[in-house]
Amino acid sequence: MSTKISFKNVVKTYPMKEGTFTALDHVSLDIADREFVTVVGPSGCGKSTLMSMAAGLVEPTSGEVLVDGVPVPGPGPDRGVIFQQYALFPWLTVRKNVEFGLKLMELPADERRRRAEHAIELVGLSDFADALPKTLSGGMKQRCAIARAYAVNPQVLLMDEPFGALDALTRVQLQDQLLDTWSQEQRTVMFITHDVDEAVYLARRVVVMAARPGRIQQIVDVDLPYPRTEEMRLSPEFARIRNEVWHGVYHQPQAA
Amino acid sequence: MTQLSALSKTPAARREPRRSSRALTLNLIAVVIGLVVWTLLATVGVQGLPTPLQVAAKAGELIADGTLLDDALASLRRVLLGFLLGTLLAIPIGFLMGWYATARGLLEPYVQFFRTIPPLAIIPLAIVLMGIGEVPKVFVIFLASFLSSVVATFQGVVDVDKTLINAARVLGASDRTIFLKVVVPASTPFILVGMRVGLGSAWGTLVAAELIAAQEGLGFRMQQAQLYYDLSTIFVGLIAIGVLGLVMDRLLLLAERRLTNWQERR
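Taken in order, these protein sequences are the chains called A and B.
192 is the number of the first residue of the first sequence in the working numbering; add one for each residue after it.
70 is the number of the first residue of the second sequence in the working numbering; add one for each residue after it.
Next up, chain B with everything else stripped away, as it sits in the complex:
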């Protein structure tokens, strides 16, 4: 009886891949339709709009002379450095805030206040204080990913099921064991969601930071292209930003699935 009800749950779990392959087909159809509409708009003569083929040719050109790769690497380096620093600091601080009421009381006003300021609004201040080199850009990205990860981690710790903590406690677990063996794994899903949000906001912040002052990077390249009315390059830049953002998000999603496979999906 009980075994049957356990087994009957598996087909529902198996349905997922089939559904996603159907969704994938629909996604591809949508992309093709989008390209056709774009081509039509460009040929009908929307002022200055390049066709997909022109953009592809431009992309080939930028790839061939190494510009695109250099720009993408420059942007990725900034975003990953800022994101890693932000996350590495956010996780311990989030745990502190969730676990110790004193730490929460001291840190929460700052976290909640800075969270309401868009990181982009910090850029003018960062440039004045830190110059126009790499530091202010990485700092702004750091701030963006720190703030989303810290709130998620903190929330994850606060939301840990109290019964799980009691279950560990009655088995004789010390506070230290409860923290390491219960609180940390139980809040992992929250942390990973926070990291994904953080990466998204870091990526968005990066391009804006590069628009202001940079010598290379995808944002800088688009800024240059704007001066020369070079729409193809702008399109290449936009697509590269989108594709890289999507790839990074999917990688984190994959890690999330791997690490939190144990979660009951409701």
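With the rest of the complex left out, here is chain A:
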């Protein structure tokens, strides 16, 4: 498989009152085309920063972030981003939110309409297409945000703790839905989370990060076949991998 996203010796520092704060310290990571990678780590490990660089919202202090072998020039519709706080435009209906990116692509109206319908159907919000975000629950808002990202048909999905603010049941439902759509229209997914179960359940590879300075601690392969099922969640193999990741996240050696 070819490499889709490549972080090469990425460093990100922020100036402080005294000296600098190192958010990311020489991070290198390759994500293959159509791979589902989750990044898990304690707060302050720079996992969101890493994702924002792939999105083009943050520039590395040094090092390179490549997508398809080309340095990221800035944000673009080829990389869809899903934020933890949904980031729906509250003055637009579900349909208009989903059409926002399509309008920017200057598609003809009927094509726009068709693609928006498809994306809304994919996340199961057809009955709420003309509702305003304020009438939706958290889970529905996030599904709308996912539909908005899908609609422009990005090759890469960057998800920043997208289910972090949801209740446990809704979270599991959305995880299954996400895997379901991913298996239908495979894209490269980089998924940030602090939930170890979620990280293992979704990914082919789990990237474990450590904090101060932000760096990659280890990478754990998840040798469980897709589609993932509820039984798999309870399997000994799942438990073994989960323990390995858990250990990596919560028993990190102190940095010098």
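Don't read these hints as lab results, they were simulated from the structure.
Glycine included, every Cβ here is placed at the ideal spot set by N, Cα and C.
Some hints could be false.
[Claimed, not checked] Covered stretches of chain B (chain A as the covering partner; in silico rule of three or more C-beta atoms under 8 angstroms from a C-beta of chain A):
#, segment
1, 235-242
2, 246-255
[Claimed, not checked] Below 30 angstroms or equal to it, Euclidean Cα-Cα: the simulated DSS-like pairs (lysine-lysine) are:
#, chain 1, residue 1, chain 2, residue 2
3, B, Lys250, A, Lys287
4, A, Lys287, B, Lys231
5, A, Lys325, B, Lys250
6, B, Lys231, A, Lys208
7, B, Lys231, A, Lys199
Given the coordinates of chain A, assemble chain B onto it according to the supplied hints.
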């Protein structure tokens, strides 16, 4: 599951009209009690205080000979002209200040400084520089509504959720699109609140401006009545000012509800 939680939110939203009809009844009771107390005070003999009926008769008289209408129109014309000019200038300048750090740096000292001066304090200067015609009055009103709207618009732009801007950016939006499709709608609620505050302060400033030098207007009429110890006319003037101010505020509130219905009420 998720659908249920969405539906359960609607009854809370529907409760509002019922509560306001109850509030309306209480409001009416309060007004009636107020009128009774006023009548009692007037009949017990507070020096020179007219009864509500005397004031109503005076109002009828002023309406019949057209004075009240002329005065109200004169006042409204000034306030609307000043308010419209002030708001029309304030919105683009507020956007400039919020969007460009350079514009903010250049304009903010003036805005913040003039904001601390009550517009009424400008009246003596305005009269000296602009005479006693319509210009100084409209100018003072313009200033009052400009200052409240400009600060609100500026604050609205600064407070736009950065995630919304990023969400638009990652979908491929240019700065221009982000401004028109995200910043403008997101700051509309702030602008409308600023306009309401601006209208309130414009109305207050107007009457004071008319007290000083005018040939017609509600403030002028009250000033005249004061000379003749005509308390009924003063009361008619006060009530007219209150009612007109309330009506204008409610109209803006209605526009605000219409335009910003999408907001989550917390």
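Hints and how they fare:
no. : hint                : in the structure
1   : 235-242             : holds (count 8)
2   : 246-255             : holds (count 5)
3   : B:Lys250 / A:Lys287 : holds, 12 angstroms
4   : A:Lys287 / B:Lys231 : holds, 20 angstroms
5   : A:Lys325 / B:Lys250 : holds, 19 angstroms
6   : B:Lys231 / A:Lys208 : holds, 24 angstroms
7   : B:Lys231 / A:Lys199 : holds, 28 angstroms
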